[in-house]
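Colleague: Read off the chains here:
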Amino acid sequence: MSRRIVIAGASMGGLRAAEQLRAAGWEDEIVVVGDETHPPYNRPPLSKDLLAAPGSREDALAAVQLRQRRTATDIQWRLGCAVTAADLAARTLTLDSGEELVYDGLVIATGLRPRRVPVPGPTAGRHVIRRLEDTLALHGELTSRSKVAVIGAGFIGCEAAATAAALGCKVTLIEGAGGPMERPLGHELSAGIRTFLQTHGIDCVAGKRVTEFLDVPGTYTEGSGRCAGVRLEDGTEVAADVVIEAVGSLPNVEWLAGNGLDLSDGALCNEHLQVLGAEHVVAVGDVARYPDRRAGGPARRVEHWATPADTAKIAAPALVAGLKGDVVPQPAAPMPSFWTDIFKTRIQGVGSPALADTIEVLEGDPSRPWEGTALAYYRDGRLIGAVTAALPADRQLHYRKLVNESGIPAGADLAAV
Amino acid sequence: MKTIDVDRTLCDNHGQCAIAAPDVFRMNADGELEYEATFDDALLDEVEEAIDVCPVQAIFLKD
Ligand SMILES: Cc1cc2nc3c(=O)[nH]c(=O)nc-3n(C[C@H](O)[C@H](O)[C@H](O)COP(=O)(O)OP(=O)(O)OC[C@H]3O[C@@H](n4cnc5c(N)ncnc54)[C@H](O)[C@@H]3O)c2cc1C
Ligand code: SF4
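Which chain is which? The protein sequence lines are P and A, in order.
Under numbering that gives the first Met the number 0, the first sequence has 272 at position 273, and the numbering climbs by one with no breaks.
Under numbering that gives the first Met the number 0, the second sequence has 23 at position 24, and the numbering climbs by one with no breaks.
Source of the hints: derived by calculation from the structure; they are not laboratory data.
Some hints here could point you the wrong way.
Residues from chain A shown here face chain P by an in silico Cβ test under 8 Å; the list is partial [unchecked claim]:
no. : residue
1   : Leu9
2   : His13
3   : Gly14
4   : Ala17
5   : Asn27
6   : Ala28
7   : Asp29
8   : Pro54
9   : Ala57
List of simulated lysine-lysine pairs, DSBU-like, C-alpha gap at most 35 Å [unchecked claim]:
no. : chain 1 : residue 1 : chain 2 : residue 2
10  : P       : Lys146    : A       : Lys1
11  : P       : Lys323    : P       : Lys207
12  : P       : Lys146    : P       : Lys207
13  : P       : Lys146    : P       : Lys343
14  : P       : Lys47     : A       : Lys1
15  : P       : Lys169    : P       : Lys146
16  : P       : Lys169    : P       : Lys207
17  : A       : Lys61     : P       : Lys207
18  : A       : Lys1      : P       : Lys207
19  : P       : Lys207    : P       : Lys400
20  : A       : Lys61     : P       : Lys400
21  : P       : Lys343    : P       : Lys169
22  : P       : Lys323    : P       : Lys47
23  : P       : Lys169    : P       : Lys47
24  : P       : Lys47     : P       : Lys207
25  : A       : Lys61     : A       : Lys1
26  : A       : Lys61     : P       : Lys47
27  : P       : Lys343    : P       : Lys400
Note that beta-carbon positions come from the ideal geometry of N, C-alpha and C, so glycine has one too.
So here's chain A without its partners, still in its complex pose (with noise of 0.2 Å):
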């Protein structure tokens, strides 16, 4: 298992962590972030996907 951080300050519900990984995060109907803090290694790709498309760069990969 993996886990990762989103830094809430940052984050401005750009939703596009949820294109690239549906698996570990959503956007509620509010328009709200929801995420898995741990997720399982095999969904990495994905995970790396979406911190690389977020583009205020809030979400955290932790060791």
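This is chain P alone, in the form it adopts within the complex (with noise of 0.2 Å):
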């Protein structure tokens, strides 16, 4: 009888699975369940190109569409379609139409949305980005005379501020605490991104939380109407016709509950992305949080681009080889990776400099990072990751190399979780 493994999320993360599954030797069915109308897609461009223009509903699909490998064959999709809720013991899903799907095996793919700004106000005129959709409802809003408003720092608001900032848009960037993508790169360079985006003439408010959406500049009324903008704690306020939240995501496991796993954050996994607590079940992507072996420390999810491919090549022979009853194969030890666009100046980073306690200069200014700089990132005096701003290519995969070679420290293997 042939046997099935369900994929629940249908973007990056579900569409490396399956290729992976096949890679691994998986000849029985793949059924791939995504809530999502669209095949999977590519979704950096959402706040960068595509947020610029993105032609026609149609053109933007086929811009960001993902291709599939050529010998991932027979995979089923569900396109449209939510799993509502799972049963690992009796190894059912439940899918929104009601209907029960049984798997022999489950992969984890469901990724995050975004987390929305807990304060009262009205709800028209803000946006979040995460889907093909939210781009093209931002986009139809901005235009060269829009005031915006963004409310968060991180990666994905400040890629969203310089792209409306290079549409014309009047643009306030509301930091919250830290400063511009201070978490994941430090504060230097934090600052020097700071005033990057100020020359662009971004206006950058730091550390002050949003407290209110305003109706009406000055009056807020119940619930109604479009937004005008936000009040600041401090009692400012900033007038805009457009608020984008970029204050983080929330992982989609939701639909796990019930079933004695670790949810606090994602889908705990050990280091062969299987769930802990669950037999043949695995995650993969922005939702799996996983032993971070190279930096050590304790497991953490990692939302970069591309994590969906490494994580997948881990989990996939993973899960076909306790379906098979074979011995699963050492896991690799993924480097992390990500990149963000900004006004054309790529930064580009490896390894974990989240986690650093010590963080050097190696090259240039980092209070000028656009004209090229380099940082190296130590956590217990090993190096764990490095960053570069407006170099070329090859200096990151320089860089790249002395963190690879820094290693796995000891003991890592059997990493906290």
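Take each chain as given, in its own frame, and dock them per the hints.
Modeller: Written out as structure tokens, the structure is:
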């Protein structure tokens, strides 16, 4: 009898998992269930080029749709269909149609959704950026006369602010705790990025929380009307026709509730990406929380574009081996990597700079990152990450090699989870 | 032997391909991509990886 692996989530993680299951020798059924109606597509352009000029809906989808490996044949795609519940002991999933889907193996690839700013006020005119529809809707409201307030200065907030400014909008970036990209890149480079954003006309507001969305400047009427700006904790008002909320993400794990898993921040896995406390279940992509073997330290989620491919390469062979009763292969220790583009300036990173206790400047001046700079990130005296800004890719490859050479600390195989 | 094509209008010199398949792709000192248009079948796995990790899907495998 044919056995079945179900993949929940049909984005990049789901696609890479399906491809890697075939590569690992799984010849039976693969069913991918995804609640978006589109086939898997690439998200990074959603806050960059595609937000600037999406074209028609069809053009936009064609520009970002992911190609599938030719060897990944015979995959059943169930798009526009959500998994609403799972019974891991009985190995069944419930779909939003009410249908029950039985599986032998399960891949969790349900990713993240944007967190919303939890304060009162109107909802019209407020945007998030995660899906194609979000980008199309937001683009439709951006004109050269728009006043835009971006809440949150992480990667997506900074990119959206830069894209809107390049379209001629008047942009205010409300940073909240920490400066632009400060958590992943550190204070010095963050300060340089702020200067860079300011030189391009973006008004950066540091360290203030949003307490309210405004209807009409100065007057708040209970939940009605269009958003006209935000009020900050010190009482200042920022007028805006368009508000972009970029305050981080929440893992889509509610459908897994009731199975005794640790879902406190995504799905907790071991270094094989096997979900702890469940048999024949693995997780891939943004939703997976797994030991960072290179940096050491506790298991964490890694929200980068390279993560779906890196994790699928480990999770798929582990799942197939488990189902076939074979020995699970030694897992690789993936090297995280990421990039962001702001006003045509690229920042690239490898390793886990966010976990560093010490940062050293290797090249250039981080207070002027647009002129080219490189930084090294250390934890307990070990090099665990490197970041370059406005440097050619071969410099990034050079630093990547150095981080790679610093290896995996002893004992990390049994990394603390 | 197999053949690839990189669409230069798409390629954004990310350099990810050069990490996945250093025998086929490399970044020169100007930060630009150089690659071998034909490669040995034994490198197919590497090249498939390079295709996967290109953030702009600029690499195409030919028949
Ligand atoms: C705007 C934006 C810009 C980015 N830019 C960069 C960048 O420049 N560099 C970089 O390194 N990374 C970037 N990233 C991060 C990168 O895109 C993500 O890491 C990647 O998309 C993760 O893929 P995933 O498949 O794990 O999760 P997701 O892409 O979140 O996919 C999960 C899928 O599962 C679906 N789903 C959720 N719940 C259910 C359910 N119950 N049933 C069925 N389906 C469900 C979701 O709708 C979604 O389609 C960016 C992300 C965004 C949003
Ligand atoms: S990974 Fe893609 S964009 Fe980057 S250099 Fe290679 S082909 Fe070009």
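Colleague: Now tell me, hint by hint, if it's right for this structure.
Modeller: So, going through the hints one by one against the coordinates:
1. Leu9: violated (10 Å)
2. His13: holds (6 Å)
3. Gly14: Cβ of Gly14(A) sits 3 Å from chain P, so the hint holds.
4. Ala17: Result: holds, 6 Å to nearest chain P Cβ.
5. Asn27: Hint on Asn27(A): holds, closest Cβ of chain P at ~7 Å, below 8 Å.
6. Ala28: Ala28(A) check passes; min Cβ-Cβ to chain P is 6 Å, inside 8 Å.
7. Asp29: holds (6 Å)
8. Pro54: holds (6 Å)
9. Ala57: At about 11 Å, which exceeds the 8 Å cut-off, the nearest Cβ of chain P leaves the hint on Ala57(A) violated.
10. Lys146(P) x Lys1(A): Violated, at about 52 Å.
11. Lys323(P) x Lys207(P): Given that 35 Å is the threshold and the Cα spacing comes to 54 Å, the pair is violated.
12. Lys146(P) x Lys207(P): holds (19 Å)
13. Lys146(P) x Lys343(P): holds (22 Å)
14. Lys47(P) x Lys1(A): holds (34 Å)
15. Lys169(P) x Lys146(P): Between Lys169(P) and Lys146(P) the Cα gap is close to 5 Å, so the pair holds against 35 Å.
16. Lys169(P) x Lys207(P): Between Lys169(P) and Lys207(P) the Cα gap is close to 19 Å, so the pair holds against 35 Å.
17. Lys61(A) x Lys207(P): Violated. Lys61(A) to Lys207(P) sits at ~53 Å, over the 35 Å cutoff.
18. Lys1(A) x Lys207(P): violated (56 Å)
19. Lys207(P) x Lys400(P): violated (39 Å)
20. Lys61(A) x Lys400(P): holds (31 Å)
21. Lys343(P) x Lys169(P): Since the Cα atoms of Lys343(P) and Lys169(P) sit roughly 19 Å apart, the hinted pair holds (cutoff 35 Å).
22. Lys323(P) x Lys47(P): At roughly 43 Å apart (the allowed maximum being 35 Å), Lys47(P) and Lys323(P) break the hint.
23. Lys169(P) x Lys47(P): holds (17 Å)
24. Lys47(P) x Lys207(P): Holds, because 26 Å separates the two Cα atoms, which is no more than 35 Å.
25. Lys61(A) x Lys1(A): holds (7 Å)
26. Lys61(A) x Lys47(P): Since the Cα atoms of Lys61(A) and Lys47(P) sit roughly 30 Å apart, the hinted pair holds (cutoff 35 Å).
27. Lys343(P) x Lys400(P): holds (25 Å)
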